[in-house]
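Student: Each chain, letter by letter, is given below.
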Amino acid sequence: MSGGLRAQAGTLREAVHAEWTKLRTVPSTGWLLLTMIMLVAGVGALATEVVKCPATCSQDTTKLSLTGIQLGQAAVAVLAVLAMSSEYSSGMIRITLTAMPRRLTALAAKAIVLAGAVLAAGAVATAGSVLAGRYILPGNGFTGAYHSETLSLAAGSTLRAAGGSVLYLALIALFSLGLATALRDSGAAIAVMLGLLYIVPLLTDLGSLDPRWQHRLQEWGPMTAGLAIQATRGLKTLPIGPWPGLGVLALWAAWALLVGGLLLCLRDA
Amino acid sequence: MSTGTITPYRSGQRPGRDDFAHLLRSEWTKFRTVRGWVIAMIAAAALAVLAVVALAAAASGGQNPAADPAAPANIGPDSPTVAIGPGGEAVTDDFYFVHQSLDGNGSITARVTSLASSMRPGEAPPGETTPRGPQPWAKAGIIIKASTTPGSAYAAVMATPGHGVRMQWNYTGDTAGLPGAVSAASPRWLRLTRSGDTITGYDSADGSHWTQIGTATLAGLPQTVQAGLLVAAPYNLVATENFASNTVTLLPTQATAVFDRVGLSGGHPGATWSAGNVGRAIGQKVKVFSTGKKMTLADSLVRSGGTFRVTGYGGDIAPYVTAEDPLGTVLKATALGLIAVIALGALFITAEYRRGLIRTTFAASPRRGRVLAAKAIVIGVVTFVAGLVGAAVAVPIAERKLHSGGWVSSVYPIWSLTSAHGVQIVVGTAGLLAVAAILALSAGAVLRRSAGAIAAVVVLVIVPLILAVILPQGPGLWVLRLTPAAGFGVQRGIPQYSQVMHVCEPHNGCFPLAPWTGFAVSCAWAAAALGLAVYLLRRRDA
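Just so you know, the protein sequences line up as chains A and B, in that order. Just so we're aligned, residue 353 is where the first sequence starts under the working numbering, counting upward by one. Just so we're aligned, residue 262 is where the second sequence starts under the working numbering, counting upward by one.
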């Protein structure tokens with residue numbers, strides 16, 4: 353970016369700074385990220401607490417300790433939706449776009465700031481749930497013959513599952529931001545977002561469906577595909593591999609940001 | 262103390278706007294005049310109907326052996342035989358029967374002095390050495406049956422290891438008699454009397470003091486029926502968990518009962534007892550778990566004087582139960598409508614906060630609890646009506662789609678909308694939507710932000726259904742008992758029979774609580790949230 357444009361339009365760096373100030377000075381940001389951390393670590397700890405080894409030794413303990421992501425992602429979605437739609441409900445968007453007439457740059461700055469905040473908080477949350485699992489699981493009999501190694505980020509698959517879960521949360525934030533940019537209303541955006549996330553696992557975790565349909569839905573559902581990153585056992589039975597699954601979620605997020613960005617440029621604010 | 266009476270000032274105008282009917286009317290006007298909300302409510306119902314119907318079309322039974330258990334392709338040497346009972350439902354009618362003809366009215370009496378039920382020797386599943394206890398629903402008793410044809414009408418009185426004496430009739434009927442297990446010290450006397458189509462069952466601990474358990478009317482019972490002794494040893498079900506899925510293992514059992522004081526009045530003079538298995542050829546080979554080989558396990562009758570020692574291998578006389586619930590599964594697609602309804606419920610109050618309308622509302626009607634009550638009634642009733650219409654359209658279409666997709670109606674019934682179970686599904690679904698809307702309204706009043714309220718209620722109502730499947734079975738069932746998702750149990754599409762052993766698995770759509778009990782749990786959540794919302798509304802500034 354050339355320095356000449358600086359005076360009129362501002363650089364991405366300045367936009368990021370502005371967005372960061374907006375995000376950090378709203379009290380709801382802290383509360384939502386804290387809620388997310390509590391949900392991820394708390395539910396993860398609870399899930400590892402209730403499994404007992406002699407009964408269910410073949411559990412994927414890594415995945416189980418990351419169960420909280422399924423709830424915590426809702427707080428991330430709220431955060432990302434509010435980052436955009438609260439500007440529309442308060443009229444702030446007109447000031448934002450006056451200060452930063454390049455709308456795509458403004459959106460990119462929001463995406464960068466959100467992703468950064470969610471990555472940082474997500475790392476804390478995931479580390480917390482893996483730590484909880486590390487201390488709780490051996491007490492429940494996950495030792496010795498069945499599970500010789502304790503849950504540790506040093507293990508490649510556990511690191512992939514935990515790190516991938518952090519990326520998953522960031523992609524959920526970007527996906528929600530794109531949707532909120534397209535829909536503008538916070539209620540509509542969060543309802544559509546949570547509907548897209550939860551409906552596929554709700555229907556395909558149950559029996560009775562045609563297996564081919566089940567497979568296809570799980571392969572393309574943003575949540576079922578994205579959370580494949582958490583699996584460390586039985587990878588061959590997954591409908592989609594860990595990294596391709598996260599790729600599917602990235603496609604959803606990219607598509608939402610594309611549509612949102614396009615509408616942002618075309619519509620009046 | 263004043264001596265005169267001072268009349269406080271009263272305005273000559275009647276208080277017009279503060280009564281509850283007006284409050285309801287103003288809240289209804291607020292809902293009705295926001296075009297987007299009305300459209301969203303109609304769209305939510307339509308979307309849910311479409312999703313349910315599309316899913317029912319996709320849930321083809323052709324892939325699933327459970328869709329038609331009586332189909333020749335699905336009957337293996339070890340699978341239980343399936344017959345059609347008098348009510349058109351699929352039944353298991355496979356038991357060891359020691360019988361005589363009974364002409365016209367008469368009665369049969371017997372004393373059960375022992376009933377031993379156990380896993381068959383050498384049948385422990387791989388890796389398991391602990392022997393299992395008795396099958397709680399093993400059966401030893403007396404029966405009057407229209408014929409020896411599988412699926413024919415009957416009434417029976419029997420002792421069981423886990424559920425005391427029962428009178429059962431026509432596969433689905435079940436009434437409890439004397440409690441406790443049978444032993445030589447505490448035998449059970451059983452009696453059945455026939456009078457026309459009516460059969461009455463009695464039990465007694467001593468053979469002189471008889472108690473009537475119940476009566477059964479078997480329509481069209483022929484003149485000559487078969488009366489005698491019955492022994493059945495149903496499978497023991499054991500749930501084992503894997504990282505990917507839970508499986509239920511069927512463990513074959515055997516049961517041996519000792520009868521004496523057998524008396525038959527109304528039989529043919531000089532007739533003898535004949536023994537045979539209903540629904541299975543005698544000497545059929547059964548696969549043994551441990552060896553994988555097939556061996557012949559013939560049911561047997563040993564008589565010495567007046568004592569009958571009867572051993573049965575496998576079998577049951579009961580409704581055929583399946584773990585699959587295709588209708589309940591496809592009805593989960595109503596969650597799409599549910600999310601929309603949750604959004605509307607939250608917006609019904611958060612929109613007032615955002616626009617500042619809430620201050621006008623409270624200025625006009627200062628009693629805030631009543632305002633929230635009026636809002637809850639309006640959003641609840643509107644949602645209930647939309648849900649009722651949607652469910653009444655979706656359920657019959659989905660049932661027919663499932664039926665034409667191969668799910669047989671003898672196992673997966675097509676409920677009429679006027680039948681008790683049909684009403685449960687349709688009214689329960691509408692009620693669940695209304696309860697979720699009120700929960701969302703309360704969350705909206707507490708949090709005052711639409712996105713947070715919507716997300717919180719979705720996480721409370723819908724995510725537990727997903728968690729219940731992921732978690733191990735025990736904790737998964739607790740999730741379905743304690744969270745607002747318990748109410749989804751009203752959508753169960755197959756009948757539940759307590760007289761058949763079953764394993765409740767969340768991934769098959771099973772809910773641990775009875776349908777309306779689960780619904781009450783959801784209602785309790787909504788009531789508690791509404792109470793909290795009223796408390797906070799009164800305490801906080803608007």
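Note that these hints are calculated values from the structure, not bench results. One or more hints might be untrue.
[Claimed, not checked] A short, non-exhaustive set of chain A residues, derived as facing chain B with CB atoms under 7 Å: (1) A426; (2) I464; (3) G468; (4) L471; (5) L548; (6) P553; (7) D562; (8) L615.
[What the hints assert, rightly or not] To spell it out: a stretch of chain B is covered by chain A in this simulated footprint if at least three of its residues, at any positions, have a beta carbon under 8 Å from a beta carbon of chain A; those stretches are: (9) 600-612; (10) 722-729.
[What the hints assert, rightly or not] Far from chain B by the CB rule (all over 12 Å, computed), these chain A residues: (11) W372; (12) W383; (13) G424; (14) A427; (15) S437; (16) A472; (17) G480; (18) L519; (19) D537; (20) A540; (21) G547; (22) W565; (23) G593.
The structure presented is a predicted model; accordingly, all values stated were derived computationally and were not measured. We put the beta carbon where it would ideally sit given N, CA and C, even for glycine.
Student: Does each hint hold? Answer for all of them.
Tutor: Consistency of the hints with the structure:
no.: 1; hint: A426; verdict: holds (4 Å)
no.: 2; hint: I464; verdict: violated (21 Å)
no.: 3; hint: G468; verdict: violated (21 Å)
no.: 4; hint: L471; verdict: violated (20 Å)
no.: 5; hint: L548; verdict: violated (10 Å)
no.: 6; hint: P553; verdict: holds (5 Å)
no.: 7; hint: D562; verdict: holds (5 Å)
no.: 8; hint: L615; verdict: violated (18 Å)
no.: 9; hint: 600-612; verdict: holds (count 7)
no.: 10; hint: 722-729; verdict: holds (count 5)
no.: 11; hint: W372; verdict: holds (21 Å)
no.: 12; hint: W383; verdict: violated (9 Å)
no.: 13; hint: G424; verdict: violated (9 Å)
no.: 14; hint: A427; verdict: violated (7 Å)
no.: 15; hint: S437; verdict: violated (7 Å)
no.: 16; hint: A472; verdict: holds (21 Å)
no.: 17; hint: G480; verdict: holds (19 Å)
no.: 18; hint: L519; verdict: holds (20 Å)
no.: 19; hint: D537; verdict: violated (8 Å)
no.: 20; hint: A540; verdict: violated (7 Å)
no.: 21; hint: G547; verdict: violated (5 Å)
no.: 22; hint: W565; verdict: violated (5 Å)
no.: 23; hint: G593; verdict: holds (15 Å)
In summary, the numbered hints that this structure violates are 2, 3, 4, 5, 8, 12, 13, 14, 15, 19, 20, 21 and 22.
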